[in-house]
Amino acid sequence: MFPKNAWYVACTPDEIAEKPLGRQVCGEKMVFYRGAEGRVAALEDFCPHRGAPLSLGFVEDGKLICGYHGLAMGCSGHTESMPGQRVRGFPAIRKFAVEERYGFIWVWPGNAAEADPALIHHLEWADNPDWAYGGGLYHIQCDYRLMIDNLMDLTHETYVHASSIGQKEIDEAAPKTRVEGDEVITERHMENVMAPPFWRMALRGNGLADDVPVDRWQICRFTPPSHVLIEVGVAHAGHGGYHAPAQHKASSIVVDFITPETETSIWYFWGMARNFQPQDAALTATIREGQGKIFGEDLEMLERQQQNLLLHPQRQLLKLNIDAGGVQSRRILERLCEAEQQSADALIASA
Amino acid sequence: MFPKNAWYVACTPDEIAEKPLGRQVCGEKMVFYRGAEGRVAALEDFCPHRGAPLSLGFVEDGKLICGYHGLAMGCSGHTESMPGQRVRGFPAIRKFAVEERYGFIWVWPGNAAEADPALIHHLEWADNPDWAYGGGLYHIQCDYRLMIDNLMDLTHETYVHASSIGQKEIDEAAPKTRVEGDEVITERHMENVMAPPFWRMALRGNGLADDVPVDRWQICRFTPPSHVLIEVGVAHAGHGGYHAPAQHKASSIVVDFITPETETSIWYFWGMARNFQPQDAALTATIREGQGKIFGEDLEMLERQQQNLLLHPQRQLLKLNIDAGGVQSRRILERLCEAEQQSADALIASA
Amino acid sequence: MFPKNAWYVACTPDEIAEKPLGRQVCGEKMVFYRGAEGRVAALEDFCPHRGAPLSLGFVEDGKLICGYHGLAMGCSGHTESMPGQRVRGFPAIRKFAVEERYGFIWVWPGNAAEADPALIHHLEWADNPDWAYGGGLYHIQCDYRLMIDNLMDLTHETYVHASSIGQKEIDEAAPKTRVEGDEVITERHMENVMAPPFWRMALRGNGLADDVPVDRWQICRFTPPSHVLIEVGVAHAGHGGYHAPAQHKASSIVVDFITPETETSIWYFWGMARNFQPQDAALTATIREGQGKIFGEDLEMLERQQQNLLLHPQRQLLKLNIDAGGVQSRRILERLCEAEQQSADALIASA
Chain A
1 MFPKNAWYVA CTPDEIAEKP LGRQVCGEKM VFYRGAEGRV AALEDFCPHR GAPLSLGFVE
61 DGKLICGYHG LAMGCSGHTE SMPGQRVRGF PAIRKFAVEE RYGFIWVWPG NAAEADPALI
121 HHLEWADNPD WAYGGGLYHI QCDYRLMIDN LMDLTHETYV HASSIGQKEI DEAAPKTRVE
181 GDEVITERHM ENVMAPPFWR MALRGNGLAD DVPVDRWQIC RFTPPSHVLI EVGVAHAGHG
241 GYHAPAQHKA SSIVVDFITP ETETSIWYFW GMARNFQPQD AALTATIREG QGKIFGEDLE
301 MLERQQQNLL LHPQRQLLKL NIDAGGVQSR RILERLCEAE QQSADALIAS A
Chain B
1 MFPKNAWYVA CTPDEIAEKP LGRQVCGEKM VFYRGAEGRV AALEDFCPHR GAPLSLGFVE
61 DGKLICGYHG LAMGCSGHTE SMPGQRVRGF PAIRKFAVEE RYGFIWVWPG NAAEADPALI
121 HHLEWADNPD WAYGGGLYHI QCDYRLMIDN LMDLTHETYV HASSIGQKEI DEAAPKTRVE
181 GDEVITERHM ENVMAPPFWR MALRGNGLAD DVPVDRWQIC RFTPPSHVLI EVGVAHAGHG
241 GYHAPAQHKA SSIVVDFITP ETETSIWYFW GMARNFQPQD AALTATIREG QGKIFGEDLE
301 MLERQQQNLL LHPQRQLLKL NIDAGGVQSR RILERLCEAE QQSADALIAS A
Chain C
1 MFPKNAWYVA CTPDEIAEKP LGRQVCGEKM VFYRGAEGRV AALEDFCPHR GAPLSLGFVE
61 DGKLICGYHG LAMGCSGHTE SMPGQRVRGF PAIRKFAVEE RYGFIWVWPG NAAEADPALI
121 HHLEWADNPD WAYGGGLYHI QCDYRLMIDN LMDLTHETYV HASSIGQKEI DEAAPKTRVE
181 GDEVITERHM ENVMAPPFWR MALRGNGLAD DVPVDRWQIC RFTPPSHVLI EVGVAHAGHG
241 GYHAPAQHKA SSIVVDFITP ETETSIWYFW GMARNFQPQD AALTATIREG QGKIFGEDLE
301 MLERQQQNLL LHPQRQLLKL NIDAGGVQSR RILERLCEAE QQSADALIAS A
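Protein chains in written order, with full-length UniProt numbering: chain A, 1 to 351; chain B, 1 to 351; chain C, 1 to 351.
Just so you know, these hints were derived from the structure itself, not from any lab. Keep in mind it's a predicted model, so treat the numbers as computed, not measured. Quick reminder that beta carbons are idealized off the backbone N, C-alpha and C, glycines included. Any given hint might turn out to be false.
Stated by the list, open to error - Within a straight-line C-alpha distance of at most 27 Å, the following computed DSS-like cross-link-like pairs (lysine-lysine) qualify:
hint, chain 1, residue 1, chain 2, residue 2
1, A, K176, A, K63
2, B, K95, B, K176
3, A, K19, C, K95
4, C, K19, B, K168
5, B, K168, A, K168
6, C, K29, A, K19
7, C, K4, C, K95
8, A, K319, B, K4
9, C, K319, A, K29
10, C, K168, B, K319
11, A, K63, A, K19
12, B, K95, B, K168
13, A, K63, C, K29
What the hints assert, rightly or not - Just so you have them, the derived chain C footprint on chain A, three or more residues with Cβ under 8 Å:
hint, segment
14, 129-136
15, 217-228
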């Protein structure tokens with residue numbers, strides 16, 4: 001259950017730098033590569049000749065060459081040539097709409113005709129020299145909605161990430177959730193608390209004292225299909241918290257692009273964008289390493305939760321106030337999937 | 001096919017010493033831990049909040065804390081508290097009857113109301129300073145009844161354990177099987193034979209000559225649901241065999257608790273209890289190591305036998321005299337399972 | 001979909017030298033061993049006593065002893081003895097027709113009554129001192145017909161084996177395919193080309209210059225059920241190519257026996273027979289190592305192709321001129337399978 005007419009992050013440019021990449025997105029097996037003039041392309045990973053995966057091939061003169069018998073596939077999904085063959089009658093393979101933007105490759109697994117690049121989520125921090133970004137990728141065996149739940153309810157930090165970003169005060173500060181159109185916002189503010197280890201490191205990284213009380217905030221924003229961007233930060237207490245001037249705080253945006261592979265597995269692109277010391281590459285590396293370790297702590301929990309839910313499909317889960325972010329996000333997803341289904345049905349009825 | 005209203009060994013105390021243990025018993029996913037006052041508890045391994053496995057959590061003040069969002073579960077299966085929540089309406093999870101006795105944790109996977117601790121199999125050698133015990137645990141992919149067959153027909157020692165406890169004379173001494181109520185006893189006596197390597201080691205461990213003829217015995221006792229306790233030993237020949245005075249023999253009890261995980265996998269708790277040199281820890285370790293190696297020799301055979309049987313479900317196996325112990329044990333198990341089914345049906349009819 | 005009334009290569013003698021071998025052929029689990037007088041035998045890998053795999057046992061006095069409880073199985077599939085038992089009433093297990101010839105063990109997985117050893121494919125180079133042979137075995141997760149396709153269309157060498165035997169001129173020389181009875185022959189001749197690395201090594205191995213133009217040939221012969229024998233070679237250009245006198249060429253026969261394990265997995269026996277420098281064991285080893293590396297390059301392609309086809313069972317593949325060898329081979333296999341089915345149906349109707 002995921003919208004297919006939407007932009008998902010498929011991969012990062014480094015993943016297609018050396019050779020084509022085979023990756024399944026929303027149940028579709030795709031091959032990603034750079035075609036003519038270095039433009040990214042995404043096709044069905046299936047050679048029309050004998051069914052070999054095109055991702056085992058290579059790129060030559062902008063064409064994707066099948067590594068089995070040399071069929072040369074064009075970016076449109078039509079065979080351009082093959083040694084010793086006339087290819088005009090070869091069946092086309094599916095071409096997916098794909099865009100490179102903000103340092104990511106985005107793909108639209110559904111109807112390519114509806115794929116408007118303007119719909120790609122705007123990332124104000126990307127391509128902006130005042131900001132630095134570092135991130136990574138995890139492959140996790142769970143429904144993408146379990147990861148959305150995870151990120152829209154940060155009380156889990158107290159338990160899953162107790163030694164880094166968790167602290168008791170998260171539990172004690174009730175979050176507030178609101179829906180604005182297709183966006184869900186859950187926010188939590190903690191006042192006059194001591195920063196946990198990760199944030200003490202960030203304060204020091206920004207030249208601020210790490211042993212004084214701070215105000216801390218978490219503002220989670222879900223937008224379809226499965227992006228969760230979280231404004232997080234701490235400011236020395238009494239300077240206005242989230243609204244404190246830059247010299248009193250360390251803040252950043254946690255970036256989560258969750259791409260369904262199948263109904264029960266995901267490609268999870270995680271990262272952090274910050275607007276302090278953006279030129280400090282060592283700090284970027286330190287933050288990335290710390291975040292990678294922290295986010296790795298969620299994997300076993302999510303996979304084992306998924307297994308439990310598969311064993312008990314009928315069981316109703318609780319929907320507490322802390323779950324409101326996930327619950328509202330799922331409602332939006334259900335509405336979008338239903339609308340897709342109705343479009344598809346209408347198309348069939350009118351045919 | 002296994003009785004659920006019965007006491008099975010679930011784990012040993014060391015397995016829950018550091019943190020909760022998730023283990024599936026008779027198809028039920030359970031979490032085992034020490035709750036209030038160190039008393040052992042067993043619950044369904046499913047947090048009523050979002051379905052996370054409780055076994056990934058920790059114990060605090062006798063409560064099992066979910067490692068995802070901090071729900072505090074009581075030993076009764078009712079949520080005791082959760083940060084920022086009223087928990088009165090939370091659905092309960094299943095609680096299993098559980099007892100700690102004789103150095104094992106015992107669980108009753110069926111109807112807890114019928115779980116009488118007095119029904120736990122009495123182990124006369126446990127908690128007895130005249131005896132020493134050492135053992136281990138194997139996870140094996142086979143129906144628990146294949147392991148009962150294995151242990152109730154020790155002719156396999158000649159083939160599977162040729163270099164340790166097997167000897168040709170086992171084959172030549174026909175076993176006798178009898179049924180006494182719910183107990184099946186298969187015994188075999190060999191007179192005036194040379195002891196095989198494992199028993200020569202045991203003779204030496206007890207300060208006896210290992211190069212003279214012995215009388216050897218094996219008395220296997222099956223009791224439901226799946227315990228097989230085997231009196232084994234050798235005595236210098238001519239002193240009465242099984243009935244010989246202690247100074248002429250080395251004897252012990254092979255302990256086998258076979259706990260079904262699924263229909264085709266088991267947790268196999270094996271060990272040996274002996275009443276000679278009980279204070280000799282080095283001897284306990286030597287015996288344990290030898291036995292672990294010997295019992296490990298059965299694993300491949302049992303798992304490959306299981307695969308063969310799954311491929312040929314209709315095929316009738318032979319039931320020879322040497323198989324009588326397993327055959328009679330299965331009859332008792334069938335009767336017990338049928339009785340459980342009838343109780344369940346009666347309950348439904350009367351509802 | 002494979003003929004069962006046919007001779008397949010099951011294993012090589014070294015695989016049964018130490019102990020019995022369990023191997024599945026055409027869906028049948030078999031045990032191979034040397035029985036009385038060292039004659040090879042093949043039985044169902046299932047002990048009639050308790051279903052243990054006989055391949056875990058050992059051979060004694062020409063009988064296969066079950067490693068679980070010592071049942072002694074004869075080569076006919078009838079139990080010969082068992083300690084302490086009368087075995088006359090024991091059910092027989094299935095015996096497969098098996099022959100040792102040309103350095104291979106051949107098995108007939110179908111009706112043993114039809115298994116005529118004269119039907120074993122004649123290998124003119126085997127048991128011939130003018131020839132040397134080296135080979136190996138790969139276990140691959142694909143339909144055996146994908147491997148036949150692979151070997152009957154060597155254009156893939158240009159792509160899969162670019163660094164060893166591939167060369168652009170293969171693509172440019174259209175193959176010719178013809179059918180002669182149950183044999184399919186695809187041949188390709190390239191004139192006045194430079195030899196690729198593998199063939200330069202072979203030229204040097206035969207004491208010939210490797211830096212002059214050569215004529216190169218590939219003559220692939222499929223015979224049922226799944227043998228592909230390929231005459232390959234190079235001759236210094238202008239001496240007659242395939243027909244050149246021996247002193248001007250290096251040639252050999254690529255040997256491929258493809259034995260279905262299941263519908264989607266195979267045992268692939270590959271090798272090379274050559275009639276130059278047959279006494280040079282170091283050359284045999286060098287060729288074997290090179291060929292093993294080259295043929296290993298096909299594995300990922302075939303397994304990933306298989307996965308793609310399983311995902312898209314309805315999709316029609318192309319049948320180009322280069323595919324004619326595989327297409328014709330499949331037609332023969334379909335005809336043979338249909339004939340087997342009709343025989344089986346007739347047998348049932350007449351019963």
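Requested in this report: Run the structure past the numbered hints and jot down the numbers of the failing ones, going up.
Outcome: 1, 2, 3, 5, 6, 8, 10, 12, 13, 14 and 15
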